[in-house]
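Each chain is listed here by its residues.
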Amino acid sequence: MSKIIVVTSGKGGVGKTTSTAALGAALALQGHKVAVVDFDVGLRNLDLIMGAERRVVFDLINVAQGDAKLNQALIRDKRLPNLFLLPASQTRDKDALTEEGVESVIGELRNRFDFVICDSPAGIERGATLAMRFADAAVVVANPEVSSVRDSDRIIGLLDAKTRHAEKGGRMEKHLLLTRYDAGRAARGEMLSVKDVLEILSIPLLGIVPDNEEVLRASNLGSPIVLHNAGCPPARAYIDAAHRLCGADLPISVPSEQRSFFRKLLGRRAA
Amino acid sequence: MNLLGFLDRRATAPVARERLQILLAHERKSACQSDLIAILHKEVLNALSKHIPIDPEKVDVSMHRRDMISVLEIDIAIEPSVGEKLPERSALAGGF
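So the sequence lines, in the order shown, correspond to chains H and G. Heads up: the first sequence at position 112 corresponds to 112 in this note's numbering, and the numbers run straight through without jumps. Heads up: the second sequence at position 96 corresponds to 96 in this note's numbering, and the numbers run straight through without jumps.
Since the hints were derived computationally from the structure, they do not count as laboratory data. Hints may be right or wrong, so weigh each one.
Said to hold, decoys possible - Heads up, simulated DSS-like pairs for lysine-lysine below, C-alpha to C-alpha not over 25 Å straight-line: (1) H:K69 to H:K33; (2) H:K195 to H:K11; (3) H:K94 to H:K11; (4) G:K42 to G:K58; (5) H:K162 to G:K42; (6) H:K3 to H:K33; (7) G:K29 to H:K162; (8) G:K29 to H:K11; (9) H:K3 to H:K162; (10) H:K168 to G:K58; (11) G:K42 to H:K195; (12) G:K29 to G:K50; (13) H:K69 to H:K3; (14) H:K78 to H:K11; (15) H:K3 to H:K195.
Said to hold, decoys possible - Computed list of chain H residues with no C-beta within reach of chain G, every gap over 10 Å: (16) G12; (17) Q65; (18) A96; (19) E145; (20) R150; (21) G169; (22) A186; (23) R188; (24) G189; (25) S193; (26) I203; (27) E213; (28) L216; (29) S219; (30) D240; (31) D249.
Quick caveat: nothing in here was measured; it's all calculated off a predicted structure. Here a beta-carbon is modelled for each residue, glycine too, at the ideal position from N, C-alpha and C.
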């Protein structure tokens, strides 16, 4: 039973691409066959975060338009043999994507993978609506910050109105992934807390990814965070989130600052 | 007192939370409405233009919510030349 998941947010820069790479790699580590698909036509970045930027030959649009076979465009990850990347085009514009083209590519991916994770572009335009169009579930990435929460609310509205699933009268499965969370600041009332964001958006929580310097290190190196340092707090958050996507009922821990500081010390010593 | 004031100033999250709750309550309502208003606008225009020439710019559909009732307002301006040919309100009323 394969599952198409869109990673979306409305607002840019909240961690969609980082989360797509991390969830994709975490699911692949758990033994699933996974494809991560970049829908950000013209501004692709998933290839860079995955460390595959020099291996891109064909892309999503080539496959959607029938100019290349899916096999020719898929890039197999060098670390995990069951993880694949379908990059976006860097030279074309977003209008080159059509609904029919996306539907056929998603259909083909569905036959071949356990999980297909679509990295949505920011915004609510064509690229974003096409990325969510054929999804079975959505991961809404938000930061504990007013503009991100507002845009997430808008995206949740679109997920309930514009997806194929919703149009058929189904209930779109939605999960909130709260990223760049600082438990210390939230405790001091300087940042929206998990409870605040959950009450406002009222969709179930998939995970809390703490704000952590390892995320930037991993992207510098072109490695999904869970492959870069599986023990660091954000990686553990993504690994748990991936288990929850598969239906595991794990308690969600709010990472505290003291704990993450302690872990940071341990991490440094180990390195 | 000073210390309390200092703490208050740093605890900005409750303000963020309240602003979001008010804003989103408003935006969620208007998001559902804007679709309905657009559909009504189109259909009113279609229906009218079968019978009289109408300038699309001069049809205004809006919805107002008050505490107890919602008012749907459809405002249609008609060209004076067309208006003269239409029966007066009293004539129409007499017909029913």
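- Message: Please list, smallest to largest, the hint numbers that this structure does not respect.
- Response: Per hint list: 10, 11, 12, 14, 15, 19, 20, 22, 23, 24 and 25 violated.
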